[in-house]
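In the order they appear, the protein sequences are chains A and B. The opening position of the first sequence corresponds to residue 6 in the working numbering, with each subsequent residue numbered one higher. The opening position of the second sequence corresponds to residue 877 in the working numbering, with each subsequent residue numbered one higher.
Because the hints were derived from the structure by calculation, they are not lab data. We put the CB at the ideal spot given by N, CA and C, even for glycine. There's no promise every hint is true.
Stretch by stretch, here's where chain B covers chain A in the computed footprint (C-beta under 8 Å, at least three residues) [to be verified]:
#1 65-76
#2 90-96
#3 99-111
#4 171-179
Listed here are the chains, written in short residue letters.
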Amino acid sequence: MTSMLRLVDVSKSFVLHNQGGIVLRVLDRLSLEVRAQECVALVGPSGIGKSTILRIAHGNYAPDSGRVIVAADGRATDIAAAPPRRILALRRDTLGHVSQFLRVIPRVPSIEVVAEAARDAGATPAEARARAEAMLARVGIPERLWPLSPTTFSGGEQQRINIARVFVVPYPVLLLDEPTASLDAENRRIVVGLVREARLRGAAILGIFHDPEAREAVATSEIDCTAVLRAA
Amino acid sequence: MTDLPLLTATSLSYAYGRRMACQDVDLEIWPGEVVAIVGESGSGKSTLLGCLSGRLRPDRGHVAYRDRDGAVLDVWAEPEARRRLLMRTDWGMVHQNPRDGLRLRVSAGGNVGERLMAVGARHYGDIRQAAQAWLERVEIDPARVDDLPLAFSGGMQQRLQIARVLVSNPRLVFMDEPTGGLDVSVQARLLDLIRGLSRDLGLSALVVTHDLAVARLLAHRIVVMRGGGIVEHGLTDRVLDDPHHPYTQLLVSSVLPA
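For reference, chain A alone in the conformation it holds in the complex (with noise of 0.2 Å):
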């Protein structure tokens, strides 16, 4: 299968110029990759930096070294050196990330959040609001709730926003941060769902889910980063 993503001898440090200069190393030359219709779950203790390699694969925190490889339409892009105008356009199409924060613009209804996504992967209008649709019956978020803007809802209807503006897109790379997270057995049924299928369909993933019984549903393969990470 093809590799979607790779990690290249990523290392990452975070330098704390005004708490006396302290330097946190997080990761020293980490490389892994993940194939089309491949799970690879990321494992061991919270704290360690496990968000911090998903959110080196998309492109919000800048590796000291190393390359971020993400395959998108025959093209190879190093996410590390790439330009924000290019990872913003991979963002859109080809890399989606479910992360443990909602952050949208007040007032904006639940149904536009998600149609938005659709919309930016290139949908048109009508075809994007159908699918938002559709995904949030999917999640579960009644459609009284639609015309409504996120800000308000619960912990796990916001999750499940998340989860549906990034499922609403059949993106080809997919970074989960804990997406079960903050939910019910229903609703966590009903990701491990939308995770399984995707990858059936061909996506590549590579997610951190503390829950062992939906790790042990969606993952082909486990990263112990205790062992990989505990060099650094």
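Once you have looked at the hints, place chain B on chain A.
Showing chain B alone in chain A's frame:
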């Protein structure tokens, strides 16, 4: 977004007497891109905005603009009349103080309609209708189309100014603290409006703001200024979540959570 920048600034410098307000600044803006300039007061943000937008002639450096036909203009080498035309048509400026951007003795509808007439609209009914539609988009009751701006609150004046600028479909807008005096609910509406125009019509915007939350939701890229120079720039969420320069780190860590 195409592969050619809309606006390119090279080594821009501007001094007030002996104090350099802006020193050797390079900046590019691409079509459809929203760029935020952040930094403390006195960092040179507004001076840079002035030099880029045709309002302050830089002491050194160039501003190149790619027009609708793809021709590149050296903005500060063009005759004054050409530059003024550009500012009335392709560009728009939203001032921090709405009174600087409005004609106070002309009605709200007249303020919005004037920009349309500057680009050739002549039919009174059409102009009035367009003005009312824009008042509605910025959440001003269209029934107030004949009121003078002075009869409006500060927040409404700011929205009127924004309507006046956007009505003529500019390709590039410069905004100096556009959401500063606005209620948060109106602020959200305007952020959504500007983002929609950038996405759907390819509007580019350069926004000076001290509000990092506004920058995060609105801008594709952030430029951090200090002491007249750019200390850090890049993808908005990268600069805010993984700031490298000591000053950016200070700025990001000083924000009070809501």
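**Message:** Under 8 Å between beta-carbons, do enough residues of the segment 65-76 of chain A, three at least, approach chain B for the coverage claim to hold?
**Reply:** holds (count 3)
**Request:** Can you take a look at whether the segment 99-111 of chain A is actually covered by chain B? Rule is 3+ residues, C-beta closer than 8 Å.
**Result:** n = 4 at 8 Å, threshold three: holds.
**Asked** Do three or more residues of the segment 171-179 of chain A come closer than 8 Å to chain B, measuring C-beta to C-beta?
**Response** Three-residue rule not met by the segment 171-179 of chain A, so violated; n is 0.
**Prompt:** Do three or more residues from the segment 90-96 of chain A put their C-beta atoms closer than 8 Å to C-beta atoms of chain B?
**Reply:** holds (count 4)
Comparing the model with each numbered hint stated earlier shows that hint 4 is the single one that does not hold.
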